[in-house]
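Following the hints, complete the assembly by docking chain Y onto the known chain X.
Chains as they are written, first to last, in this note's numbering: chain X, 56 to 667; chain Y, 142 to 346.
No lab work stands behind these hints, which were simulated from the structure alone. Incorrect hints may appear among the rest.
[Stated by the list, open to error] A few chain X residues facing chain Y, derived, Cβ under 10 Å:
id	residue
1	Ala210
2	Leu290
3	Met533
Backbone N, C-alpha and C fix where the C-beta goes; we use that ideal spot for every residue, glycine too.
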Amino acid sequence: MIARAGIAAGARFISGYPGSPSSEILDHAQRYADAATIQVEWAVNEMVALQTAAAASHAGMRAIVAMKHNGLAVCLDFLESLAYTGIGAGLLLISCDDTQGTMSGTKGDARPYARLGKLPCIEPCSHDQIADAMTTGFALSERCHIPIIIRSTTALSHGSAPAPAHMHYPQSADPPAFDPTDRVLDFPPMVPSLRTDLAGRLRQAAASFDDAALNTVEGSPDAELLVVGVGTGSLYAREAITALGDAGIRLVALATVWPLPRKLLEAAIGQARSILVVEDAEPFVEAAIKEIVADLPDPIHPRVRGRDSGDLPGPDSSLCGILDRQQVIDAIRSVLTETTGGSVVPEPGAPNAALQSLVLPRAPALCAGCPHRSSLLSVQAAIAMVGEDAFVVGDIGCYGLGAGPSGYNVINVLHNMGASVGVALGFASLRPLGFRQRVLALVGDSTILHAGLPALVQAAANRAPLLVVVLDNGVTAMTGLQPNPATDGAVRIEAICTGMGIETITLDPLDVHRTALCLAECMWRDEPMVAVLRSPCALLPTAIDPIPFAVDHDRCIGSGCGCDRFCARVLGCPANLFDEAIDRAYIDTALCNGCGLCAEFCPTGAIAEMRA
Amino acid sequence: MTPPLGIRIAGVGGQGASRAAGVLAAAALQSGLFPTVLEGRGLAVRGGAVNVLVRLAGKTGHAPRCAPGDVHVIVALEPMEAVRAAMWHRPDTALLVVGTPVLPAGVFHDRYPVPAAIASCLQQRHSRSLFVVPADCRRPPNLFAVGALACLGATGLDRMVIRMTVEREMGPDGLADFDAGWRDVAALGKQDAWRSIAEQSAFGC
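Same shape as in the complex, but just chain X (with noise of 0.2 Å):
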């Protein structure tokens, strides 16, 4: 829906970097998208999008950049080099938010960026809206020549409705220029005045949002209580009036959430004696319209309540992030009973304990035939040859699910992407004071793009004592199979290694004793060595031969095996199964993909090829 929008409100230049919920957009893009007029690409990160983005821009191309909120810190640099300078065509920063924390190192808010980095955000309210805020958004981008944030909150992201009908795509466009005599200077001399001129970009779009018709008011003036629903807010809120049958509520249905529209707020506010704010994730325009309250004249200050008051679940709470209309239902009761603080929602931990008592954890779990599986049961080896204490610094993607129990929980310090290699080289830059443990660093082969590099440029040039694993499986796998520079050998790992003079060996990981005796010698040197483990990624068509194998029951002595059911249990492979009737394991033809790592360590041979 993102991607249909932008693109029918006229994006012709579309990047980003991968990573749940932001993904889809260019998925999505690249399905629409007219290759003769818009561009769509992956970035190598979400940096470098933007800032091909923002050429586009200069360009007087409509340009979207798209990334999950954990990108919009890594860009944050540029971003406001960005605003001081202003832009040329139609901008928009796209912020997936990961609002609870699923499926990310932290619970995402791109509206404190905004605010730090003094460009406007607008979080549509339904996907309705979005269209609007895309054409909206635009329009105002150019206007004031300012990037604009749009705040897609999980619900939007993942979640998906009817498309309006009057989305049109544009069919043909000029070719993109850039007149060098209009330069684009962030340059220190003139950061006073770009600073000052900023500013008054910035009270051009609050002004233009106090007329938005993205923003809504209903109910009556008179009202007593206020609900301020914020982006899909709004969705919750409508629906709990609803439910309890309007009882003289006003609703503001706020998508421009900063600046905020002061004078809409001001007059919204009227009679009202309290103000609920109902957001996603932290209590930011909670804490904004307390501002506004502030300021207005006596006799009119309404309290201000929402997360931070405690009627809804505020960042101390695990169910901050979540919203639902019985939150919303249950603290509009709390705000018209005045009751004071502490949420009526219970914490998860109420459910039916019998229930409960029946449930095993289903942790995610390596896809059968990864090579991850092999990689990491390799580093395992590794680890514990070396031993003294040595250990493994990781990073996120696939293999991060090495800190778990399907990879052995091989990983013993673990941030986000491209973290390994500095994290590592870190500890191995404290030998001088002492630091005796031998490190290793864990990142995947678009992870240590993205921002694994200049780290090991520093361990080259100090000539740290760390082993850096890269886990080569040529795509971007974790979020949907997107490619980058390394697929396909566009661009070789090794030969960056190498040039920065880093000794560099490349080993198949499906050869689990080679690869762990490698890595245990390499861990050994004093000095940085890089070991890539290449082996395409099991879901890829071009994979290893799928030819799957079977367990030979005559073999197989079941559970008097004494290996504790390594094929079953301990390998973590999904296909590896245990048939408890005849006491025998077994191998699911249907999800096997013919890597024959369970065949390997099959104490008996039982395992082998279903060669016909």
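Same frame as chain X, but now just chain Y:
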């Protein structure tokens, strides 16, 4: 005023919960309703627990997410996922459980609860519950579940509209799964047994 009809589809990543939700939403759209779908993605696709919320409304303007109390039917594609979903919901939520156990990675068979014990526990709590196991366990259970749900009448959607949607979007194999689900529930004498759910919801109108 009642909230929209809420359906929660619970399963394991890879079983096709999102696809089942998409089929129901497309059929609802075809029927003149305003559906929303909210998917759980990200880590879920790697064999983790998956939940998808479908809301069917007679008018636009409802939120994709709904509270546990606003879910009328849970469709579970795996027994333990039925339990994981049901434990947050009220006992008057209807429960359709389809499919056979899918063991979590690293879990022994003997640690997985006996499916009959799961069924017994859920049936004691949920007066309106039905357990159906597809004859062909090698097929994903998602469209079998859609067929079973359609036969129960819980969605209020016309059977032929759903069937045509399945055929259009999922081809002959999907249609065979849908028909099997319908047939198995009809054989139990449960055709339209849950129609009152859709009637009472009235799609929030």
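Violated constraints from the hint list, given by number and in increasing order: Hints that this structure does not satisfy do not exist here, as all of them hold.
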